[in-house]
Amino acid sequence: GAVVSQHPSRVICKSGTSVKIECRSLDFQATTMFWYRQFPKQSLMLMATSNEGSKATYEQGVEKDKFLINHASLTLSTLTVTSAHPEDSSFYICSAPVRGVLQETQYFGPGTRLLVL
Amino acid sequence: GENVEQHPSTLSVQEGDSAVIKCTYSDSASNYFPWYKQELGKRPQLIIDIRSNVGEKKDQRIAVTLNKTAKHFSLHITETQPEDSAVYFCAASKNYGQNFVFGPGTRLSVLP
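The listed protein sequences correspond, in order, to chains A and B. FYI, in the working numbering the residues of the first sequence are 1 to 117. FYI, in the working numbering the residues of the second sequence are 1 to 112.
Mixed in with the good hints there might be a few duds.
Taking lysine-lysine pairs in the BS3-like style, the calculated list, with each CA pair at most 30 angstroms apart, reads [to be verified]:
1. K55(A) - K68(B)
2. K94(B) - K14(A)
3. K22(B) - K94(B)
4. K37(B) - K20(A)
5. K37(B) - K41(A)
Derived from the structure by calculation, the hints contain no laboratory data.
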């Protein structure tokens with residue numbers, strides 16, 4: 001199946017710093033990628049849809065100036081958490097769709113665990 | 001918008017028994033329903049999916065059933081094994097894979 005990588009796998013930072021997370025599709029091109037946030041023992045919540053060559057689409061309640069998304073190429077999307085605070089600590093997962101004959105299948109990255117002190 | 005509910009939130013079964021997880025969805029336009037398994041600290045992995053024009057799909061010990069009229073779909077795992085222990089998420093999607101909405105998850109524990 002398709003492979004999606006994410007880097008870094010975990011990061012610890014001080015409050016007020018910015019953190020960049022990369023999501024790459026390794027063996028396919030993705031014009032669209034999705035960013036999710038997952039708090040402990042909770043479901044995946046879609047934050048935004050990353051579109052190659054255009055602005056990201058943010059879900060209601062997600063601050064676009066706080067979570068900057070850049071889809072620089074057909075294989076790379078980045079999520080930057082600006083001025084991170086402890087409440088931003090979470091598991092961030094990206095996914096990229098692979099279009100098949102009958103439907104699109106989402107492939108998830110391994111996730112990035114962010115801890116803001 | 002779409003709302004997906006999932007029950008139970010936790011499920012414990014003895015090894016070898018069957019496990020059933022049920023999801024309901026609200027948007028009758030949803031037409032694609034995948035199930036993901038997520039082990040602790042790892043990425044969700046697609047284990048089975050079903051399209052709205054199919055009532056049932058099976059893959060070895062795993063099966064999914066869909067009732068479009070009632071707007072619910074279920075995951076069935078037979079002959080459970082300890083390695084089946086994980087959190088399972090259902091999802092509903094329109095446009096056959098776009099605009100996913102996930103259920104809250106079910107933590108399955110298979111006791112040896």
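*Has the given pair, K55(A) with K68(B), been kept, meaning a C-alpha gap of at most 30 angstroms?*
35 angstroms, violated
*Within a Cα-Cα threshold of 30 angstroms, do K94(B) and K14(A) meet the stated pairing?*
40 angstroms, violated
*30 angstroms limit on alpha-carbon distance, applied to hinted pair K22(B) and K94(B)*: 19 angstroms, holds
*For the pair supplied as a hint, K37(B) and K41(A), is the alpha-carbon distance within the 30 angstroms limit?*
Cα-Cα ~14 angstroms, so holds.
*Are the Cα positions of K37(B) and K20(A) separated by 30 angstroms at most?*
27 angstroms, holds
Consistency note: the structure conflicts with the earlier hints numbered 1 and 2.
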